[in-house]
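Student: What follows is each chain in one-letter form.
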Amino acid sequence: MNWDWEKLQKQQQGRPGGKPPSFDDFQEQLEKFKNFKLPGWKFIVPIIILLWIASGFYIVEPDEVGVVKQFGQFNRVTTAGPNYHIPFPVESVLTPKVTQIRRVEFGFRSSGLARNLSFQQGVSREVKEESLMLTGDENIVSVQFIVQYMIKDAKNYLFNVNDPEMTLAHAGEAAMREVIGYGKIDDALTTGKQEIQVSTRTLMQEILDMYDTGLSVVAVQMQNVHPPDEVIDAFKDVASAREDKSRFINEAEAYQRDILPKARGEASHITNNALAYKEAKIRKAEGDAARFLSVLAEYNKAKDITRQRLYLETMEAILANPEIEKVIMSDDALRKSVPYLPLEKLPAAKQQPAPQPTQ
Amino acid sequence: MKKTTILLLIALVVGGFVLSSAAFTVDETQTAIVIQLGRPVGDEALGPGLHFKLPLVQNVVFFDARILDFDAKPEEITTTDKKYMNVDSYTKWKIVNPLTFYTKVRTIQGARARLDDIVRSQLRVALGRYTLIEVVSHKRQEIMAAVTKRSKELLEPYGIDVLDVRIKRTDLPAENARSIFGRMKAERERQAKQYRSEGREASARIKAAADKERTIILADADKQAEILRGEGDALATKTYADALGQSPDFYAFTRSLEAYRKGFDKNSKFIITPKSPFLKYMQ
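Here the protein sequences line up with chains W and R, keeping their order. Taking the numbering used here, I'd label the letters of the first sequence as residues 125 to 483. Taking the numbering used here, I'd label the letters of the second sequence as residues 285 to 567.
Careful, some of the hints might be misleading.
[As the list claims (entries may be wrong)] Only pairs whose alpha carbons sit at most 20 Å apart, straight line, appear in this in silico DMTMM-like list of lysine to aspartate or glutamate:
no., chain 1, residue 1, chain 2, residue 2
1, R, K433, W, D333
2, R, K378, R, E360
3, W, K405, R, E510
4, R, K388, R, D445
5, W, K279, W, E215
6, W, K308, W, E354
7, W, K360, R, E473
8, R, K559, W, D456
9, W, K308, R, D448
10, W, K427, R, E510
11, R, K367, R, D455
12, R, K469, W, D310
13, R, K564, W, E440
14, R, K388, R, D400
15, R, K559, W, E437
16, W, K360, W, D311
17, R, K436, R, D448
18, R, K553, W, E447
Think of the hints as simulated: they come from the structure by calculation, not from any bench.
Chain R with its partners taken away, still in its complex shape (with noise of 0.2 Å):
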């Protein structure tokens, strides 16, 4: 009874030992193969789950199953335009075939030195067919497409799927920098000066016309004033002439006389004739 027990114990225990050295899972985000001394075992890479292999004789290599990131450090390229731009780009991997890529190219390392070979002669070759604004504007998704299906095609040998190569920045050296912002300034130095010089335009416009305008509203009231002098002139002169008219001769008479009165002054000289009608009684 004891003895079993022991016994059953020491099985357990070794079985144990064995199924853990046999059995792996693969997780979700890994893919591998098995390896029996140096050579791949089967066609088929493992994909996640619960895995057996023979123990001692036969090892598990694992790979990365997901995308991958390979983000190049930024390069000066050349347009066709002969300008110079600051290029960095990022590549969006995976392996897609882990017996390949372990016979060929074995680790992430090697896989990344491989991209960067591929990947950036692409984009050189790419971007110099190009003009600077053409990369920076309307050409970026043809030229990225373009790398990226011959990117693809060049690295598929190797187990690698290259899903996307996409230009993340597209700066200007540091001298080709200050040329534009001269450039922006004297565009917008211009601009500035524009606006002032409508502004200014726009007020003397405005200054003029509200000048011409008070010029007719005073001119159109004198011409107003004369026209009502006149016809205050010519009633007055109707209305003389209405009365006087009645009698030209009592009116020379009286104002006649009235005008005597106003225009005889001092220091006037009167000499008399006893002819004169005034003196009628002295004689």
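The shape of chain W in the complex, shown without the other chains (with noise of 0.2 Å):
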């Protein structure tokens, strides 16, 4: 500062002298300090005055509203765009970001750190006491979601409560374990989840609306929901046993499929060949009759003769095969002669004996 560096100086021209600043030097030191101050004065007060006034500009965001404090009392909210509030120490102006949606993490991290940082994929640590929940039917599940949440009422969200966002964490655990402990370990599981996710979310936007939070829920979003680790094997046996169930079930029906259609094949040449006999036989008799009926047509007109012609062909042909012993006795003789029969000689080469030829 000028007048400063001025009496500094002063001081220093006066020291080597050695005797101390008297008060006529005050006197003269005062001259000059008004002499000095006052051009000083003339800029730099305006100019102060001029910063004071436009430190009272300021410039909401569109994702802010501007909460305007008059001696720390609530005055107004401004909205988007460049705003004026009067300056230190009579106003002084707050910008929570609105429209920013937060997120939450419970029973897990997925940043390793702090449970609101933003999201990342991947690595994610369960958190045990957080995660871990009694079911209405005494059962333990391990719940492990995340809080969407917005700041709906800039006001009650800076003055109501004195810490929101650990409020929200505080709610939103309990509004959870709530829930869980109505419902059963399936429902958490399965297929309850929609549910259990809408009543959680009304659950904590009735809370938080009770304590004036100015926040609003925008969703709750279950992440992983699984048995204990001490149990998850059994759960898992039973997601096999299910589908060994279904696995034993397509079997069977596999082997119905496959001997069905054989047996209906089977089937089908069986009743084939019965047909085929059928026919056979029918078409086999129709020949026989017809040929029959033919020569019996010849045979009525010269009976006689072609019946002597058939049997002399026939004995011809019988008598004409060599293999054949042939033996012409007289009655008498046959009569005469012992009735003898010698059974035993008869085949030579047949084991069997033949059958005795008779006429």
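Fit chain to chain and form the complex, with the hints in mind.
Tutor: Here it is, written out as structure tokens:
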């Protein structure tokens, strides 16, 4: 500062003399002080005042609202764009981000650090004391979920609760445990998730509204719901047992689908064979009958001679067979001879006795 | 001219100093009371805004006007069915009467001590009346409402309003959790067994039905086959009978001849007497 420097100069000038500054010196300095001071004021004061006035300008970003306090008391809410407030110490402004959707993790930490850092894919660590919950049927289930929320009322958010984020975390945990406590473990693990999410969201919002936190719960999303590590194998075995069940059924159906067509094929084979037999038999009979009738027609024309011819031809064919022994014997000789048949000598080659020829 | 300026300046500085020690602001999140020589001034606490006090003889004590949190340590509680559980609760409270609060509790720390005493004992009393599953499940809200109501009554004389006592966590001690895990495991094993044997049952049922159907299909085919064969045989028999019936005599003759032809084979011995018609012309 100008006058300070001058004063210092003066003091330094006076010092080599060795005598302390007298009242005259002080008077003199005062005069100088006034002389140097006054032109400074003419510039500095307006500049300071201008700067002070200018410090009242502030910009509210599109995702923010401005909350203006006058002497600490809530005065007004301003919207996005440039705004002005009476500078310190009369008014001050806070600009919370009201459109931003924030996120809290329950039962796990994706970042491994604080619970409301932004989401990172992959790494996540279960926090068992938060995730393990008792269900209404006295089972324990591990529920990991996130809550998305935003500020719906900036004034309430800023002034009503001493730590809205922590309040939200507490409310989230209490609400989820209450909802899980009403239900059964299977609801949480399988089909009931949607309902649990909705109920938890509703209950959380009720709690937060009761405290006037100014927060709005956008969504509750269950991330990873599983049985506790101690029993997870048994639960997985149930799933594979269910698979086994359908596998057994499928195998049986495959067996069914294998043997029935085969049986139908076989059945068709059997009936077709029989049909073939039937048709063949009929045709054979018809053929035989036709042949017989043809021959009969000719026979009827010349009965005796045909009869004679057929007889002789047959006898000839039989007797022409060189393998047949022929003995011609008169009736007398036959009558006189001992009726003896050397049966054991008859068949030389054959083991079986030949049928006794008769006529 | 210059002297008046100096005097004005001095007056401004002194005035500013006095004013700044007399004026104070109370934030939207606060209430305040003015204490004059150890005694509160006025009947009402001060709300947010600009306020004045006498410098030096009066001082201001600020209080948080927001909803405050009291997070109790988890506590082991015995339920009426003699089960142990760790209950973790939190309490939302507020200083509603700063004057009373200042004279009776004075600080937030002091308030926490009172809250700890009262809320914990109320929780203990309330939870002891219910079974574990009632606490976890359908009686939870009732219990919380009762504890809140009672704590509110008990803390009102301290200038404190209890808004909500809420059970945050209900956990089982490790050894109880182990027995629950054992039971859960047994339940799931039973379920798995049931699924598998249901599968086997269905499988056997389907296979047996298939076998039955196959047997029936084949038997049907056999039946059909016999019917067809019978029809064939019958028709053939009729055809033969119709044809042969026209001359049974001739049929007997020709058929006999055919039978002779086929019947006499090698090693047959033929004894013929001259009386045989075959030898008619040899005589």
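Student: Please go over all the hints and tell whether each is borne out by the structure.
Tutor: Checked hints:
no., hint, verdict
1, K433(R) <-> D333(W), "holds, 19 Å"
2, K378(R) <-> E360(R), "violated, 27 Å"
3, K405(W) <-> E510(R), "holds, 13 Å"
4, K388(R) <-> D445(R), "holds, 14 Å"
5, K279(W) <-> E215(W), "holds, 16 Å"
6, K308(W) <-> E354(W), "holds, 19 Å"
7, K360(W) <-> E473(R), "holds, 10 Å"
8, K559(R) <-> D456(W), "holds, 11 Å"
9, K308(W) <-> D448(R), "violated, 27 Å"
10, K427(W) <-> E510(R), "violated, 42 Å"
11, K367(R) <-> D455(R), "holds, 11 Å"
12, K469(R) <-> D310(W), "holds, 14 Å"
13, K564(R) <-> E440(W), "holds, 14 Å"
14, K388(R) <-> D400(R), "holds, 16 Å"
15, K559(R) <-> E437(W), "holds, 19 Å"
16, K360(W) <-> D311(W), "holds, 16 Å"
17, K436(R) <-> D448(R), "holds, 9 Å"
18, K553(R) <-> E447(W), "holds, 9 Å"
In terms of the numbered hints stated before, the structure departs from hints 2, 9, 10, listed from lowest to highest.
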